[in-house]
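Number of protein chains: 2
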Amino acid sequence: MRNFLLVLLLLTTGYQAKAQPTAPLTARLDKVSLTVALDPDGRPTYTVSLGAKPVILPSRLGLALADGKGFDGPMTLVGSEMKDVDNSWQPVWGEVKNIRNHYQQLTVHLRQAAAPGRLLDVTFRVFADGVGFRYEFPAQPALQYFTVQDELTEFQLPADHKAFWIPGDYDSNEYAYSTTRISQVNSSNIEAIQLKSAPERVQTPLMLKADNGLYLNIHEAALLNYPAMMLNVDTKTFSLRSQLVPDATGTGAKAYLQAPEHTPWRTIIVADNAPAVLASKLILNLNEPIALTETSWIKPQKFVGVWWEMHVNKASWNYADTSNIKLAGTDWTRLKANGHHGANTANVKRYIDFAAQHGLQSVLVEGWNVGWEDWANNWKEEVFDFVTPYPDFNVTELQQYAQSKGVKLMMHHETSSSVTNYERRQDAAYRFMKEHNYDAVKTGYVGRIIPRGEHHDGQWMVNHYTRTAQRTAENQLMVDMHEAVRPTGLHRTFPNWLASEAARGNEFNAWSSGNPPEHETILPFTRLIGGPMDYTPGIFQIQLESWNPARNQGKQVHTTLAKQLALYVTMYSPLQMAADLPEAYEKHLDAFQFIKDVAVDWDDTRILLAEPGEFLTTARKAKGKEEWYVGSITDEQARTQTVKLDFLTPGMKYEATIYADGKGASWDKNPQAYQIRRQSVTSKSVLKMQLAPGGGAAISIKPAQ
Amino acid sequence: MRNFLLVLLLLTTGYQAKAQPTAPLTARLDKVSLTVALDPDGRPTYTVSLGAKPVILPSRLGLALADGKGFDGPMTLVGSEMKDVDNSWQPVWGEVKNIRNHYQQLTVHLRQAAAPGRLLDVTFRVFADGVGFRYEFPAQPALQYFTVQDELTEFQLPADHKAFWIPGDYDSNEYAYSTTRISQVNSSNIEAIQLKSAPERVQTPLMLKADNGLYLNIHEAALLNYPAMMLNVDTKTFSLRSQLVPDATGTGAKAYLQAPEHTPWRTIIVADNAPAVLASKLILNLNEPIALTETSWIKPQKFVGVWWEMHVNKASWNYADTSNIKLAGTDWTRLKANGHHGANTANVKRYIDFAAQHGLQSVLVEGWNVGWEDWANNWKEEVFDFVTPYPDFNVTELQQYAQSKGVKLMMHHETSSSVTNYERRQDAAYRFMKEHNYDAVKTGYVGRIIPRGEHHDGQWMVNHYTRTAQRTAENQLMVDMHEAVRPTGLHRTFPNWLASEAARGNEFNAWSSGNPPEHETILPFTRLIGGPMDYTPGIFQIQLESWNPARNQGKQVHTTLAKQLALYVTMYSPLQMAADLPEAYEKHLDAFQFIKDVAVDWDDTRILLAEPGEFLTTARKAKGKEEWYVGSITDEQARTQTVKLDFLTPGMKYEATIYADGKGASWDKNPQAYQIRRQSVTSKSVLKMQLAPGGGAAISIKPAQ
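Sequence lines, in order, name chains P and F. Under the UniProt record's numbering, the first residue of the first sequence is numbered 1, with each subsequent residue one higher. Under the UniProt record's numbering, the first residue of the second sequence is numbered 1, with each subsequent residue one higher.
Check each hint, because a few of them may be wrong.
Taking lysine-lysine and the DSBU-like style, the derived pairs with C-alpha atoms no more than 35 Å apart in a straight line are [to be verified]: (1) K326(P) / K299(F); (2) K702(P) / K688(P); (3) K336(P) / K69(F).
Calculated directly from the structure, the hints in this document are not laboratory data. It should be emphasised that the depicted structure is a prediction, and the values quoted were computed from it without experimental measurement.
Could you put together the complete structure from these sequences and hints?
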């Protein structure tokens, strides 16, 4: 009986054992094929193609270990296995309600040619839209605890592709994108956000476009217990080489591992059209299934927050203007209030009222807790305690008030990157949250990391983010991480990890040169390939001078108002902020209606039109409803986007409400001009959307009454 | 009224403001005098003498900061203040019940001659037995957050003193002492315990003996928020220069500070006789008063433990012999027990029975919790969870059993130096302790520190130890730290921090070349100057082969049995282990009676005879009782120690029980030979103690019945 079941299993999974493999080994699905071989020096290589088009030319695989006995020398092929998998699964929340996971898997067993003859497996999964592979270290006497010194994975591009890239800063992803040929990658003139990158080092997800029409995205999936992968670009040969983020020791060590273990998946999404890249579920599929059993407490949601008013210099995070505060021993009630502290009880009530009135689920409050007087840039360990409110923030009163209004307060834990401090206080901080009825927390990691010498994207911090996802889950808390490592699909495994920032958000428009109009057309192809972003869309008061003329001179959001609405659809997240101030929305309640209506969880998603750096039009069907929402955005060019509504149910009548750029609108000259019109539509309708320079359009489509 | 009080205050404290100071400034008490001056380059120096004898020749003061604008250049004298203080205080526990704190204080206000003109104070306290001084950074606009790059404090010795030293290992104090002239300090041939020291770097407390009869001890007091101070020895000029333990960044940064702040006190104890150094309360007096209000839960105590049987290879910490265990995901019940796991329920009950029978307060159990299979030397973050017992350790059953016997179980938290892991689990671990009726914890820090790159004796770890003292205190838990930084008198402030190891304990006799017979005569002059040590005395089964002939060949404790008894008096600690196995004690219950009787808290202490590296005889009066205990030990030389009992109450009759080396006893040839005799004594009695080579004697003196 047992043998029978085994045979059945082998048959259904397509398992084929090959005791005596003959190189090269090939796996394929649809048009994507992958070949693995040993080069003349005995070093493993892989090759990827899409139909007849080369995607990755023969590229090296391998890892160097700190003990000098790594997988960087000659290897012998011990064996290989192949299997076919085709199944599907349903995410707790997502862009679609059902995800097909279909791949052919090739596992290659390698052994060092030299002593101690350590074993290394490389597992490849070939999907219809790309390839994932990872290194696996089997349990073996010759390899128990070990340190990865360098990963030698190479992505040899066949040509000088166009690339959408940001510098390889180990501590920040908050850059505007550069669009150049691979041969022109050079960040030496880009101002560092945290740590200056080597000039030819870039981050992933790296979006590439080939002259032959292929679109490629290189990233990783399931980044766990390992540093983030950056890419060193050889501008002459068009080779990309893995650069892992180092640890604090200064020895160049990258990852401390214990066998059995494996690396994250290295991913190559490839398609002959741009929308297919955005529709890919390859990275989610390479992540492990959900680690939670009970998920009813996980709620996709929209929120407002005491937040943007600090960015526009109308209020402050800090309660007093005194600097040089010590967390221990300070009597906060004796500080002199600066009179414009945002997180005061009355102001928070105003946001609660607004959320309740408009059906938004929650209110984020930043600056509620003591320590903001000189929290940044001091590399200070004892910076926040996460449980002591400022004297003007009444926790209990607000808890009761929010509850009476049916609104949740969202906790904020800025760590100032003093992560050791946060970790030792997390238990108490989460207890405090539960006691006060908070069920979601936004975390932040501004500044240099403590443990000193560690990086935001190194193994130690990667493990911190994972632990935080786990520790919040244990407490049935949702989490949104800012300044964390960029996502790699872990929200499949930890769906309470609703979103991350980990890119240049809308906030940069408030206090920097801002985000160029193309920015939001690139992010879905780069940062969002790994998971949802808390971009904080919805700024209506585009010109920021009116909030504080002295400090915001010339500052503005680099889109039209209508484009801000479109972002709720084009920038996928189960957690969407209505980021502007209530008084900004109250001036445009007709436009605000879209934010009230738009869903945050979806049954289906269609990428209708897309080109990175230029335009994007996305349609999504609200979860469990016969409602569709469409977002359409452009870069600095005015465009007409033709949207066929053939995704609607045939024969049904709908009413579309179209929030479009107004006549003469443009992101820089006339950003707030918008027009709203209603029209009946069916699956046969075609809408022509006129997008202003830096503009956009949002459409809600509901069944006709 | 207010002015009147101020005047009164000034009068009583001897405050003298000097607006226009004239260098040099001098403070003195009894025979000790201190002079502060600026050298011709404007750099501050200090000088110490005892009567006419120079103790420290003019020596440099100063600090370099990471921003290059430190206190290492010319300074101007802004002013100074002097005050006299004479008061006394009572420790929660200690060697004496009342401590006089009598000193003259000189505070020197300095300003950088160059911009930005930062201010630095140096405060000196001159006691009758030495000097303490510290750097103080006043609150000032030009100095808020700053990084100490180097401390330039110098101790210029007048001659080539004899020194008792250990290498300047940033991560371990567990060395045997070298006794050489200052000019001969060189550790290049000493095997590193953790991190190889620079050859001419030594640790404090550094004990020195001058040819002119002076005894000096250089150390520090109140080490808080700062790295430990080591000393770089100039073997030609006999100058000692402060070497702070660096942080993880590799930049040479030593301490991250925020003004107002101060360094620990640098201490110089000086006397013309050795016993006076041991009797000094200078370091305790330089520490801050107690930080706790309620202390009834703090209990000096004796304990046994499932511990020595692991050191002598009779039992193991680990439950299984499998290596390569992962904390998460291991089903511990399915591991194959190795059959000699020490912390099993039945064995622990045996220790509980023994403790109950003999009136010992508690039972330490090491190896009770999962993770010991490959806990050491792997630099592994997730090594212990501190709450999961091995399958054969029944927490609830043992809790009930111990309670029924009136015995406490003592918790053990080995961290394997994965301190980030410990910190994030401390809350849960202490909750677990409270739930299971534990009130004391022994912590351990074996191996390399995580955060990786940090050192045991660096600022980050110093803060960890302090926090652990505070977090245990908040939970009314006592703590005993092993492999922590050596103490600096902080038990005055945190009396729940009963003891530390932080030196080469008795355990080294079990598995190394051992501790030479002189070792215990040096420790009180070095390690114990800072505070109590958990040395784990009381080994009766001196030859260790009988426990495990195969693995303990030639291993023995390097003392006689009688000397093991004497250590309970000569090696002060409020926490004393009876370290041997119950079966070892049961063979010598007559000698064990001394361990049962000896106190762990004292009204008074007399250092009767002492010479570092040679001999030590100490008498102590039990707290609240008319009982005295005497310990007398020698190095490898046989000696006669003449002990006058003039400390006894005149006119009272006492019975002395003398536990002496037996005839022909010697540490190496005949270590277990002892004799016990009783005799009546009074304050006029004189006892001649015959100490065998490596031997000792212990005396209990109780009122005659």
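35 Å Cα cutoff - pair K326(P), K299(F):
Between K326(P) and K299(F) the Cα gap is close to 33 Å, so the pair holds against 35 Å.
Against the 35 Å threshold, does the CA-CA distance of K336(P) and K69(F) hold or violate the hint?
Distance ~31 Å between K336(P) and K69(F) Cα, so the pair holds.
Would the hint linking K702(P) and K688(P) be met if the CA-CA limit is 35 Å?
This hinted pair holds, its Cα atoms lying about 18 Å apart.
In summary, the structure agrees with every hint in the numbered list given earlier.
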